[in-house]
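Protein chains: 2
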Amino acid sequence: MIMAQKPLIFVTNDDGITAPGIRALIDTMNRLGDVVVVAPDRVHSGKGHAVTIHHPLYLDPIKIDNGPQKEFKTNGMPVDCVKLGLAHAVERKPDLVVSGINHGVNNSINVLYSGTMGAAVEASIEGIPSIGFSLDNYDWEADLNPAKHYVLKIARQVLKHGLPQGVSLNVNIPYLPFDKIKGIKIARQAMDKWHETYDKRTNPFGRDYYWLNGNFTYEDKGKDTDVYALKNDYVSVVPVQFDLTAHSVLKDLKHLENQ
Amino acid sequence: MIMAQKPLIFVTNDDGITAPGIRALIDTMNRLGDVVVVAPDRVHSGKGHAVTIHHPLYLDPIKIDNGPQKEFKTNGMPVDCVKLGLAHAVERKPDLVVSGINHGVNNSINVLYSGTMGAAVEASIEGIPSIGFSLDNYDWEADLNPAKHYVLKIARQVLKHGLPQGVSLNVNIPYLPFDKIKGIKIARQAMDKWHETYDKRTNPFGRDYYWLNGNFTYEDKGKDTDVYALKNDYVSVVPVQFDLTAHSVLKDLKHLENQ
Numbered sequence: 001m002i003m004a005q006k007p008l009i010f011v012t013n014d015d016g017i018t019a020p021g022i023r024a025l026i027d028t029m030n031r032l033g034d035v036v037v038v039a040p041d042r043v044h045s046g047k048g049h050a051v052t053i054h055h056p057l058y059l060d061p062i063k064i065d066n067g068p069q070k071e072f073k074t075n076g077m078p079v080d081c082v083k084l085g086l087a088h089a090v091e092r093k094p095d096l097v098v099s100g101i102n103h104g105v106n107n108s109i110n111v112l113y114s115g116t117m118g119a120a121v122e123a124s125i126e127g128i129p130s131i132g133f134s135l136d137n138y139d140w141e142a143d144l145n146p147a148k149h150y151v152l153k154i155a156r157q158v159l160k161h162g163l164p165q166g167v168s169l170n171v172n173i174p175y176l177p178f179d180k181i182k183g184i185k186i187a188r189q190a191m192d193k194w195h196e197t198y199d200k201r202t203n204p205f206g207r208d209y210y211w212l213n214g215n216f217t218y219e220d221k222g223k224d225t226d227v228y229a230l231k232n233d234y235v236s237v238v239p240v241q242f243d244l245t246a247h248s249v250l251k252d253l254k255h256l257e258n259q
Numbered sequence: 001m002i003m004a005q006k007p008l009i010f011v012t013n014d015d016g017i018t019a020p021g022i023r024a025l026i027d028t029m030n031r032l033g034d035v036v037v038v039a040p041d042r043v044h045s046g047k048g049h050a051v052t053i054h055h056p057l058y059l060d061p062i063k064i065d066n067g068p069q070k071e072f073k074t075n076g077m078p079v080d081c082v083k084l085g086l087a088h089a090v091e092r093k094p095d096l097v098v099s100g101i102n103h104g105v106n107n108s109i110n111v112l113y114s115g116t117m118g119a120a121v122e123a124s125i126e127g128i129p130s131i132g133f134s135l136d137n138y139d140w141e142a143d144l145n146p147a148k149h150y151v152l153k154i155a156r157q158v159l160k161h162g163l164p165q166g167v168s169l170n171v172n173i174p175y176l177p178f179d180k181i182k183g184i185k186i187a188r189q190a191m192d193k194w195h196e197t198y199d200k201r202t203n204p205f206g207r208d209y210y211w212l213n214g215n216f217t218y219e220d221k222g223k224d225t226d227v228y229a230l231k232n233d234y235v236s237v238v239p240v241q242f243d244l245t246a247h248s249v250l251k252d253l254k255h256l257e258n259q
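Line order of the protein sequences matches chains A and B.
Quick note: the first sequence, position 110, residue 110 per this note's numbering, numbers continuous.
Quick note: the second sequence, position 158, residue 158 per this note's numbering, numbers continuous.
Isolated chain A, as found in the complex (with noise of 0.2 Å):
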């Protein structure tokens, strides 16, 4: 009897390698395949898509745990994370890619500032199937067992069914016990924003310093949008593209041909 391969995937997060998300997100995708993880040596939050250019990589083999997976820390960013593990840390283009669990939820406009997104959009660039998967609670204690739950359900269908072309998954996840969580919905990005303060202080030496301090305000009152599902206790799942063209203006812009 012939064995199938097993399907490779490729693990990565923002919050570093030794955070409990993607301890946790590791331990749930050995039981789907054969793993490989390369994720940065230090917390990364809020990069979005950032890449690094003007300094080098290391990509350093490491091990943590007593996993059957291959791992890698690097000092990258998250998309350099999968830019340079695809190049240098597989054999084989991965069945998919997988990024978090994020400490702290990455719903509405947060997806533009998510190292988690930034690394699973990246993958979908690269024709990957990918998922990034957050938890609405941002403590490293945080029990992740529900969670893996439904971690483990949202990628077993994509590795089944795949994804559509140039889309990756926004996946968050109410912190709740199991049995309060009441299902997955898909879900458009809620047009809501941050409400931008910066707490100014001054530094030991009277130089004046800002601290971001925002707050996020809830503006958009669909009941169609990732915040509602997680605000009604399902896990909210928004299909990202990266083809940011705003077709439905592209006749209204016309005019702007003719100057």
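Calculated from the structure, these hints are not laboratory results.
Every value quoted in this text rests on a predicted model; they were computed, and no experiment measured them.
Warning: the hint list may mix true and false statements.
Below, in silico cross-link-like pairs of lysine to aspartate or glutamate (EDC-like), each with a Cα-Cα straight-line distance of 16 Å or less [claimed, not checked]:
1) B:LYS182 / B:ASP233
2) B:LYS93 / B:ASP34
3) B:LYS160 / A:ASP252
4) B:LYS153 / A:GLU257
Since chain A is already given, all that's left is putting chain B on it; use the hints.
Same frame as chain A, now just chain B:
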């Protein structure tokens, strides 16, 4: 006779506040309104939509030339410039945010990695009409005069007519003498990508390192793309949205809800 208030124009970039591209942009905007500049104190290529969370930001008044604009430099990235600048450098909401002129194109997929466009997109989230300008030349000695002509034209039109809600413009300008540029084309983002290669080298201490060195591959053969427009000597203008939802596939993913 009561004079109408001059428009307030906010200027930023990702090449740093002393780059010739932003100096040319400031010079051009001074012709259209009151100008406030908040720009990085160093080069921040490839930072996309990254935002600074874990360290404080400075915002220092600076005088670089004899123009009438008000200027600040910051240790932040392009998106930080917009967030911090709107919070602490202007007294009212600007009528227009412009970013650039970037030294190097940001067409096709590069829109995702571009700090120039990250800043413009951030402004559109804040409901401010915004434009990122990029020139198809990396040389800081490049002649910026033909580009300035189109920057003025497009900025004037956007001040006059505004932009659709949630949309910013990604403007790429060919590096050609003025009489060789054929005009402006509204275009979609070409679905091209980088083929990643990394130079693998060894540092003086024997440790391997990797340096990003990709090739851009032209895979999208469409004649309605920004890449095509630019190759055919047009200024390309892509309307860019920050709603990343792949609306067309929402229904196709409903099966995930039944897991």
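Tested hints:
1. B:LYS182 / B:ASP233: Holds, at about 6 Å.
2. B:LYS93 / B:ASP34: Satisfied, since the Cα-Cα distance of roughly 12 Å is no more than 16 Å.
3. B:LYS160 / A:ASP252: Within the cut-off at roughly 15 Å; holds.
4. B:LYS153 / A:GLU257: 10 Å, holds
Checked against the numbered hints given earlier, this structure breaks none of them.
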